[in-house]
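> Sequences listed follow chains A and B, in order.
Oh and the first sequence: position 22 is 22 in my numbering, straight run, nothing missing.
Oh and the second sequence: position 6 is 6 in my numbering, straight run, nothing missing.
No lab work stands behind these hints: they were computed from the structure.
In this text, all values refer to a predicted model and were calculated from it rather than measured experimentally.
Where is the CB? At the ideal position from N, CA and C, for every residue including glycine.
Treat the hints with care, since some could be wrong.
As the list claims (entries may be wrong) - A few chain A residues facing chain B, derived, Cβ under 7 Å:
id, residue
1, N5
2, Q8
3, A12
4, L13
5, L15
6, P34
7, V62
Stated by the list, open to error - Here are the computed lysine-lysine pairs in the DSS-like style, where the Cα-Cα straight-line distance is at most 27 Å:
id, chain 1, residue 1, chain 2, residue 2
8, A, K31, B, K132
9, A, K35, B, K132
10, B, K132, A, K29
11, B, K132, B, K20
Unchecked claim - According to the in silico footprint, chain A covers these stretches of chain B (three or more CB under 8 Å from chain A):
id, region
12, 73–82
13, 187–199
14, 206–219
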Amino acid sequence: MDDLNWMQIVSALALVMFIIILFPATLDKLKNSPKGTSSEWMSFFFPLIVVFLFITLLVALV
Amino acid sequence: MNQNYTTIAQKSSSVLATNKVLRNTYMLLSLTLLFSGLTAALSMFMNMPPMTYLVSVIGGMVIAMFVLPRFAHSTAGIGIVFLITGMLGFGLGPILTMYASLPNGGNIITLSLAGTGIIFLGLSAYALTTRKDFSFLGGFLMVGFLLVLLAAIANIFLAIPAMSLAISAVVIMIMSGFILYDTSRIIHGGETNYVLATIGLYMTIFNIFISLLQILGIMGNDD
Chain A
1 MDDLNWMQIV SALALVMFII ILFPATLDKL KNSPKGTSSE WMSFFFPLIV
51 VFLFITLLVA LV
Chain B
1 MNQNYTTIAQ KSSSVLATNK VLRNTYMLLS LTLLFSGLTA ALSMFMNMPP
51 MTYLVSVIGG MVIAMFVLPR FAHSTAGIGI VFLITGMLGF GLGPILTMYA
101 SLPNGGNIIT LSLAGTGIIF LGLSAYALTT RKDFSFLGGF LMVGFLLVLL
151 AAIANIFLAI PAMSLAISAV VIMIMSGFIL YDTSRIIHGG ETNYVLATIG
201 LYMTIFNIFI SLLQILGIMG NDD
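One chain only, chain A, in its complex shape (with noise of 0.2 Å):
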């Protein structure tokens, strides 16, 4: 905690400032986006556990 730099604390107030212009957004898009059946998730989960797996490999590869 003794160290933090400047740097640090700019990096801190810039995800603040972000969180709170992404905030109304995501509100928005949860209450207005179409609820996805348990095949759409499924659909979307299987590319994520590819990309998953081939992180897993490069680093392995690394």
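Once you've looked at the hints, dock chain B against the given chain A.
Using the frame of chain A, we list chain B on its own:
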């Protein structure tokens, strides 16, 4: 009969419009990625200090959020996209210089670059070939992104390497979701402006690349 012809004509013009948005988006995205590469190389050549990254990212995000939407429907929008992506690329310079100085740095950068390309192309191909509608992901991805930003703020003060690793992994997952969501929006006519579509996809690629660099950087240097 006439009504059928009208419906078919409307559908085909809608498909043509979608294809045009898609083609323009990928064309502009390719050019902006090349431009970012050039500005990153310039930044490395100029040996810019680490704070360049912070200034460029904040500047780029502010322009993307507040200036670009006003000019997105004019030709000036294209110039602003190049300004944003050029700035982000320039900010990458010091990060790449730092990774290049690591013993395994060249390998880490190459793998991150290749990995980002494969993830983006693979997910885009998946969304384009299945033509599934991923509009239901909007709220989920935005909430996930806000939670990641909160975790990132906490980790600025906590500085736990394992948490950095977890945050980077989650960022890649969320950005992968955004690639599916954004591509599906273009395919289904939800996004008709290729300038905004380009900046959205560019941001996902940028975040995946940075996160992969961080993961491979931590995992590739045991000492």
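> Each hint should be assessed against the structure and marked as holding or not.
Verification of the supplied hints:
1. N5: violated, 10 Å
2. Q8: Holds - the Cβ of A/Q8 comes within 7 Å of chain B, reaching about 5 Å at its closest.
3. A12: holds, 5 Å
4. L13: violated, 9 Å
5. L15: holds, 5 Å
6. P34: Holds: closest Cβ of chain B sits about 5 Å from A/P34, inside 7 Å.
7. V62: Hint holds; A/V62 Cβ to chain B Cβ min 4 Å, cut 7 Å.
8. A/K31 to B/K132: At roughly 21 Å apart (the allowed maximum being 27 Å), B/K132 and A/K31 satisfy the hint.
9. A/K35 to B/K132: holds, 14 Å
10. B/K132 to A/K29: holds, 19 Å
11. B/K132 to B/K20: holds, 19 Å
12. 73–82: violated (count 0)
13. 187–199: Answer violated; 0 residues pass the 8 Å Cβ test.
14. 206–219: It holds: at least three residues are needed, and the region 206–219 of chain B offers 4 whose Cβ sits within less than 8 Å of chain A.
Hints 1, 4, 12 and 13, counting from the list given before, are not met by this structure.
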